[in-house]
Amino acid sequence: MSIPVLALATDHWYDLRDLANISDAILDGADKVLPFGIVYVLAALIGFVASFLIFVLPSQLYLGVYGERKIIGRIQSRYGPNRVGPFGLLQPIADAVKLLTKEALTPKESDRAVMYVAPIIFVMPAVLIFAVIPFGPRMVFANVPVSLLYFMAISSLPVIATFMAGWSANNKYSLFGAMRIVAMAISYEVPLVMALLGAVVVTSGAPYAGDFLNGLALQDMVLWSREFHIWVVFVQPLALVIYFICVSAELNRTPTDIAEAESEIVAGYLTEYSGMKWGLFYGMDIGYALGASAFAATVFLGGWTFFGLEKWVPPWMIFIGKTHLFYFLFIWTRGTLPRLRSDQLMAFAWKFLLPLALFNIFLVATERMIWSSQDYAKGLIYVFAVVNIAVSIAAVYGWARFLGYRPENTPVRPRLVKNAGGYIPVGSEANR
Amino acid sequence: MDGGGIVFAFYVLAAVTLISAAGVLVSRDLLHAVLFLILTFVGVAGLFVLLSADFIAMAQVIIYVGAIAVLILFAVLLTPRAGRNNGETKFALPGILLAVCLAAVFLFVIHDVAWTTNDEAPVLGADQLGEALLTTWVLPFEIASVLLTAALVGAIMLARTPQEEAEDALA
Amino acid sequence: MTQTIKSEPFILNIGPQHPSTHGVFRIKATVDGEKVIEAEMVMGYLHRSMEKLAEERTYTQNIPFTDRTDYLSSMSNNLGYCLAVEKLASIEVPARGNAIRVIMSELQRLASHCMAIGAFANDTGAWQTPVMWAFREREKILDIFEVTSGARLTCNYMRIGGVAFDLRPQFEPMVRKVLNDFPPFLQEMEDLLSGNEIFLSRTRGVGVLSPEMATNASLSGPMLRGSGVAWDLRKADPYCGYEQYDFDIPIGYQGDSFDRFIVRLEEMRQSLHIIQQALDGLPSGPHSTQVPLALRPPKGEAYARIESPRGELGYYLVSDEGPAPYRFHIRPPSFINLSALREMTVGGTVADAIVVLGSIDIVVGEIDR
Amino acid sequence: MSIGIEHFLTVGALVFCLGLGIALSKRNAIGVLMGVELMLNAVNLTLITFSRFATSERPIAGHTFVVFIITVAAAEAAVALALAVSVYRNRETVDVDQFNLLRS
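Residue numbers (the numbering used here), protein chains in the order written: chain A, 1 to 432; chain B, 1 to 171; chain C, 1 to 369; chain D, 1 to 104.
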């Protein structure tokens, strides 16, 4: 059951913590003086401007593009953008201008219609994702009761767009990228859903204000963290790890970016794109990463709550901070890790992530039964958190050992010999 | 179901669904047909939302668009020499005639029957669905899980190459 | 019903314009899905006819050509050529000149291996970070070259009979700084890559080269040592007084890409050790012997070989007592090492082929000359 | 203007017939499969329509049926595509007119 979120917010129009309060005050006032109907237009305008200001401009362009380039630059011991504007702050704008003025080439033998439509289809879901993300107690565009499933559904659409892009260009590298992304999407969807199921099992059905929480609604997951003073990540650490890996696979972020693997297949599905068509893919890649981060911040990191701090600090600020904290993980892995091979990625999804996700569901379902039999005692959830963290680490390590992970057996230093000679079999270098 | 918004939404979604379903029929390129099929699935999901079946709509997109359509794309890619040709067999004309006749029958029945309907949408959320699946329909639910497992194993067995089978036999 | 498998192999051109071919080089790969079933190397895009050109220039004028073959290790190339001319004309090099040559060629090995491991990590998909870190350290060495010879990449520093200039006063502190900075950097690289499970799974068991195959294909350098063959010309056929220095030959275990990588890392450590010894015992005296500008060596032929960063670099010269060599031939290590590429890539995936190509550490300027 | 049960049923029926036409007329096995998927989707739409409009004790039954149909459709798609790939491997075609091994 979804709680009417109106009950949460403070009732005073001068409460400035939440942008929705201000807009509500404006709309209430407008409703009294203006003719009927205009208030809807006004609401739409306010919603559009607010969402644009909060999300699109600062996050997407500046903290997304600029932040990624700057942080990757620091990781790689260089400066990053520092020419356009102070500290290179205007670099994303310069990039966009450059891309807009470039010619968007289309190969002669390509499937023109599909190639033209693919970037458009790629952009749509990235914007749609944010419809269900709660930025604050009242700042959610569509508080649908199945918003978690909505996210899952939307995030399966860009795969189609990337496939269209890769296939339509009639380029062998693009086709490789398309094949890889299709194979990977099927593999990684499964553990992703399984991991999120763990979080849903924890939160749904918990008592809240005389009613029960709906674990499929994102707002209710945030309320759960507020009610029990703990984030879902502490109860479900394994789920967050699996979610992070699967999402970075679906988003083509670096440890798993086999669909556009630069060193192997040039740029994968983007090989033949240029100009703003390419720019849409590039920008919306970051948009998706931010969307996935926002989702993770909502589900796992407690959304707009911060242990009571949200009473004084605007909740949407807390939320955006958490989003970018999670987004930093994407940047960090991108700057650090090499890329897996496609067959290794498949094997990793099926052999490693899926069993762990199933184990996680089993674990959390057991705890859920105990919890409901104990009448949802608040203290018990902390016990579960401690148990789950320990069990998760043990499970990951144990399962890795079971699958043949033996770091101590893999030498990382070569053998050393004093004198030149022929072939020296392993083990016989000691007596040289 | 009144209201300009709903009427508009219904006609748009119905048009998307039907036009793209017709696109599957007429497109010459198999990949284009798959893309039209995906659009049809999305349109049907929109109709589900109109019918206040949120959960089913999301499941439709996740499973049909995210899994089945992607599987079909994969199968098309794995059979390259069969061509991307989406042509008709020699039995096309009788088949399409049959479909048209069936459509005529359906439409006649639908518009002839005096339906007794309730205008209040019943409250049907994910929780009711889960309860129904695990109480009244628990046996079909379990059978469905067995079916999925069998299909998984069967698909793997079917799609293996003889070399892989030989390797497994050795192992 | 026949049970034959019909696969659809198609040709994938890796290069000549490709981010991972390290220049203009092309692998014409026949692939079945992701699997490479045939690989054909196409080279010659960078051919500049150096061996023929050298027959028209005097012996001293040829030194800058050698810079431009393997442009990532110009010092070593200079050295190999000068050794060949000295052998042909029986010229002795003073002790200080030899020590400077050793320091320079070991510094060049450090710089070149920095590039090699950085680019190799880039080929495995570590997006630019290792290569930028490696470049950061390589800059310090290039600064030393600039101070000493006036150029960073194509140094043209070695001369017949010694080196072009004596060392500057700031040379020694700069080398000491490199000696201080490199061990932490190498540790950093090991932490970043050798202990990285993804990197290990991408490189271990990929491009395995048996010792028999390696010796039969006449490979040299880290390629050969990675396969477990202890062969290093600095030990086997010492030149420039390498016999006075104490160092070890690192050899790998099974000859895969990872072994070649760790061999390179360890060679950098050994190089630091050699530089330390050479710098501590740097003799005084002249840096070069006087050699006539128009050198006319006696009739005959000479082959000199050195251990360049990529392997055995040989120069073969024939003199007809003229001012220019009658025949000038280079044995480029990259070219010979590349001959094993087909063996290592066929049967792997496209991604493996890229990793293998990166582990060979080719320089196309040297392959095509 | 209002939207009633007939409208949704009409869409469902038309999609079903289009799917039937595709399944009967296409030469490519994967094309036939797409027709079957369309038919299943049309049935889903019809079931949900009845569940929404029909006066019933337990309207959730329609949703339950749809869940089962989606499950079966997923399984069916996986097996059918595996069959298509397998047949393609052996016969190098997925043309249903060419599936004539049983003909002596």
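If you're looking for bench data, these hints aren't it; they were derived computationally from the structure.
One or more of the hints may lead you astray.
Stated by the list, open to error - Here are some, though not all, of the chain D residues that point toward chain B, as calculated from beta-carbon distances under 7 Å:
1. L45
2. L47
3. F53
4. I60
5. F68
6. A78
7. A84
Claimed, not checked - When the alpha-carbon atoms are kept at most 27 Å apart in a straight line, the in silico DSS-like pairs for lysine-lysine are as follows:
8. C/K177 / C/K140
9. C/K28 / A/K172
10. A/K108 / A/K98
11. A/K70 / A/K102
12. C/K140 / A/K172
13. A/K351 / C/K35
14. A/K70 / A/K98
15. C/K299 / C/K87
16. C/K87 / C/K177
17. C/K299 / C/K52
18. A/K32 / A/K102
19. C/K235 / A/K418
20. A/K70 / C/K140
21. A/K108 / C/K299
As the list claims (entries may be wrong) - Label pairs and their in silico Cβ distance ranges:
22. A/V97 / C/V346: 40 to 50 Å
23. B/L102 / A/S373: 24 to 34 Å
24. D/S56 / B/I143: 19 to 29 Å
25. A/I389 / C/Q170: 51 to 61 Å
26. C/Q170 / A/Y397: 49 to 59 Å
27. C/D191 / B/T136: 51 to 61 Å
28. A/F307 / C/V346: 37 to 47 Å
29. A/A142 / B/A114: 48 to 58 Å
30. C/A236 / A/V97: 57 to 67 Å
31. C/D191 / A/A400: 50 to 60 Å
32. A/G379 / B/V113: 56 to 66 Å
33. B/V109 / C/F10: 49 to 59 Å
34. B/L102 / A/Y116: 28 to 38 Å
35. A/A394 / C/G195: 19 to 29 Å
Think of the CB as a built atom: it goes at the ideal place given N, C-alpha and C, for glycine as much as any other residue.
### Message
Taking the earlier hints as the rules, which of them does this structure contradict?
### Response
2, 12, 16, 18, 21, 23, 28, 29 and 31
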